[in-house]
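Peer 1: Here is how the chains run, residue by residue.
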Amino acid sequence: AQSVTQLGSHVSVSEGALVLLRCNYSSSVPPYLFWYVQYPNQGLQLLLKYTTGATLVKGINGFEAEFKKSETSFHLTKPSAHMSDAAEYFCAVSDPGGGADGLTFGKGTHLIIQP
Amino acid sequence: SQTIHQWPATLVQPVGSPLSLECTVEGTSNPNLYWYRQAAGRGLQLLFYSVGIGQISSEVPQNLSASRPQDRQFILSSKKLLLSDSGFYLCAWSGRGSHGTQYFGPGTRLTVL
Numbered sequence: 001a002q003s004v005t006q007l008g009s010h011v012s013v014s015e016g017a018l019v020l021l022r023c024n025y026s027s028s029v030p031p032y033l034f035w036y037v038q039y040p041n042q043g044l045q046l047l048l049k050y051t052t053g054a055t056l057v058k059g060i061n062g063f064e065a066e067f068k069k070s071e072t073s074f075h076l077t078k079p080s081a082h083m084s085d086a087a088e089y090f091c092a093v094s095d096p097g098g099g100a101d102g103l104t105f106g107k108g109t110h111l112i113i114q115p
Numbered sequence: 001s002q003t004i005h006q007w008p009a010t011l012v013q014p015v016g017s018p019l020s021l022e023c024t025v026e027g028t029s030n031p032n033l034y035w036y037r038q039a040a041g042r043g044l045q046l047l048f049y050s051v052g053i054g055q056i057s058s059e060v061p062q063n064l065s066a067s068r069p070q071d072r073q074f075i076l077s078s079k080k081l082l083l084s085d086s087g088f089y090l091c092a093w094s095g096r097g098s099h100g101t102q103y104f105g106p107g108t109r110l111t112v113l
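Chains A and B are the protein sequences, given in the same order. Take the first sequence: its position 49, counting from 1, is numbered 49 in the working numbering, and each next residue is one higher. Take the second sequence: its position 64, counting from 1, is numbered 64 in the working numbering, and each next residue is one higher.
No wet-lab data here; the hints were simulated from the structure. Cβ atoms here follow ideal geometry from the backbone N, Cα and C, with glycine treated the same way. Any given hint might turn out to be false.
A few chain A residues that don't get close to chain B, going by computed Cβ distances all over 10 Å [said to hold, decoys possible]:
no., residue
1, VAL13
2, GLN45
3, THR51
4, ALA54
5, THR55
6, PHE63
7, LYS68
8, ALA86
9, PRO96
10, PRO115
Pair by pair, the computed Cβ-Cβ distance ranges are [stated by the list, open to error]:
no., chain 1, residue 1, chain 2, residue 2, range
11, B, SER58, A, GLN114, 36 to 46 Å
12, A, SER14, B, PRO69, 43 to 53 Å
13, A, ALA1, B, SER65, 18 to 28 Å
14, A, SER28, B, GLU26, 35 to 45 Å
15, A, ILE60, B, ARG96, 18 to 28 Å
16, A, HIS10, B, GLY54, 36 to 46 Å
17, B, PRO106, A, ASN61, 16 to 26 Å
Kindly produce the complete structure, drawing on both the sequences and the hints.
Peer 2: Below you can see the structure in the form of structure tokens.
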């Protein structure tokens, strides 16, 4: 069975500072990995995903994430935080050989941007 | 391009009343479809998923049910709502060969009073 752990239910950074949201997974096989963002009262929007190939993945809104197999991690980063980045962020994994029940989500990290 | 719709956007219902939430997808065929619930301050809970018309898999036993009467239509229902059914309901779809990537609708905010 797969599982996803997001360290820190809330992360607070100053505007202009580095954003780092942590995600670790447990899987018997190298999974596909995803980050989603959710703004208040909206659905989830795909930020980026890793399937195969280059382990550093660039997404929308200046975010990127690096797949590190040895650390079973897929941390999300952004060099300079904007006020508009304040939202809930979810890490998710899927099993390449798995069924249609799809993604396993972490519990989410609420990103707070301090002015 | 593909789009996913959910309605209504918000709903306030009394305890014991029925429920029907609808989700439709445009621009794709034979998608996998999903219903999730987010309770206040909690993560995503997968309720149901469907790989085809009339094929429903339930992840959590409860007083909710789902149906898929058409290829791109997914309906979430209840005969009698409970207070604990309050939450934000999200529909999502994924395509074949998409590595499990799911695309979400805008959600329905349900308040049961």
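Peer 1: Hints first: check each against the structure and report whether it holds.
Peer 2: To see whether the hints hold, each was checked on the structure:
1. VAL13: Per Cβ check, VAL13 of chain A is outside 10 Å of chain B; nearest 21 Å; holds.
2. GLN45: At roughly 7 Å from the nearest Cβ of chain B, GLN45 of chain A sits no farther out than 10 Å, so the non-interface label is violated.
3. THR51: violated, 5 Å
4. ALA54: holds, 15 Å
5. THR55: holds, 15 Å
6. PHE63: holds, 16 Å
7. LYS68: holds, 19 Å
8. ALA86: The assertion about ALA86 of chain A holds, with a minimum of 16 Å to chain B.
9. PRO96: violated, 7 Å
10. PRO115: holds, 24 Å
11. B:SER58 <-> A:GLN114: 36 to 46 Å: holds, 43 Å
12. A:SER14 <-> B:PRO69: 43 to 53 Å: Since SER14 of chain A and PRO69 of chain B have Cβ atoms about 51 Å apart, the given range 43 to 53 Å holds.
13. A:ALA1 <-> B:SER65: 18 to 28 Å: holds, 26 Å
14. A:SER28 <-> B:GLU26: 35 to 45 Å: holds, 36 Å
15. A:ILE60 <-> B:ARG96: 18 to 28 Å: holds, 24 Å
16. A:HIS10 <-> B:GLY54: 36 to 46 Å: For GLY54 of chain B against HIS10 of chain A, whose Cβ atoms are near 42 Å apart, the range 36 to 46 Å holds.
17. B:PRO106 <-> A:ASN61: 16 to 26 Å: Holds: the Cβ-Cβ distance is about 19 Å, inside 16 to 26 Å.
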